[in-house]
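The opening residue of the sequence shown carries number 879 in the numbering used here; numbering runs sequentially from there.
Everything labelled a hint here was simulated from the structure, so no lab data went into it. Where hints are given, some of them may not hold.
To be verified - BS3-like cross-link-like pairs, simulated, lysine-lysine; straight-line CA separation at most 25 Å:
#1 K939 to K921
#2 K939 to K975
#3 K924 to K901
#4 K939 to K893
#5 K921 to K893
#6 K911 to K901
#7 K911 to K939
#8 K911 to K893
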Amino acid sequence: EIYAGIAWDDVTRGKHDGSVISKTTNEIVRHFKCGPTQGSFLKLHKVDCGVELTPELMRSKYVRPDAELVAPGNLLAHSARTASGREKPIEFFGEMKIRCRQQLEVVTEITL
Numbered sequence: 879e880i881y882a883g884i885a886w887d888d889v890t891r892g893k894h895d896g897s898v899i900s901k902t903t904n905e906i907v908r909h910f911k912c913g914p915t916q917g918s919f920l921k922l923h924k925v926d927c928g929v930e931l932t933p934e935l936m937r938s939k940y941v942r943p944d945a946e947l948v949a950p951g952n953l954l955a956h957s958a959r960t961a962s963g964r965e966k967p968i969e970f971f972g973e974m975k976i977r978c979r980q981q982l983e984v985v986t987e988i989t990l
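Could you put the whole structure together from the sequences, leaning on the hints where they help?
Pasting the structure below:
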């Protein structure tokens, strides 16, 4: 059976370091290198490769700087209930600063 080796961004998500014990030789075989609990082996048929990374897809995930604000006045349209049962508005500061840093024109590298 064929497996895919995955090195997770979260170093605690996996169970391996990229190596396994060979069933035939009983020796450690390293397939890739990562932290001690950062790697996983998945059966190939269980791997979902998602969608093709196209310029159109990338543009659909980024908000233009001149688009309508998500949080006008730094307040989202949602609220949170406090421990005392009161409703408290959710503030969102820095929306324009975030948008300016997330424009495709300034993206230099994408990693999947």
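Task: Agreement of K939 and K975 with the hint, judged by alpha carbon distance not exceeding 25 Å - done: Holds, at about 17 Å.
Open item on the list: Next pair to validate is K921 with K893; report whether the Cα-Cα distance is within 25 Å.
Closed with: The given pair, whose Cα atoms are some 15 Å apart, holds under the 25 Å limit.
TODO: Starting from K939, check that the Cα of K921 is at most 25 Å away, please.
DONE: It is violated: about 30 Å lies between the C-alpha atoms, which goes past 25 Å.
Task: Holds or violated: K911 to K901, with C-alpha atoms at most 25 Å apart - done: holds, 20 Å
Open item on the list: Hint check: K911 vs K893, CA-CA at most 25 Å. Holds or violated?
Closed with: holds, 13 Å
- [ ] Sort out whether K939 lies within 25 Å of K911, counting only the CA atoms.
- [x] violated, 31 Å
Task: 25 Å limit on alpha-carbon distance, applied to hinted pair K939 and K893 - done: violated, 32 Å
TODO: Assess, step by step, whether the Cα of K924 is no farther than 25 Å from the Cα of K901, and give holds or violated.
DONE: Holds: K924 and K901 sit about 22 Å apart, inside 25 Å.
Violation of the numbered hints given earlier is confined to hints 1, 4, 7; the remaining hints are satisfied by the structure.
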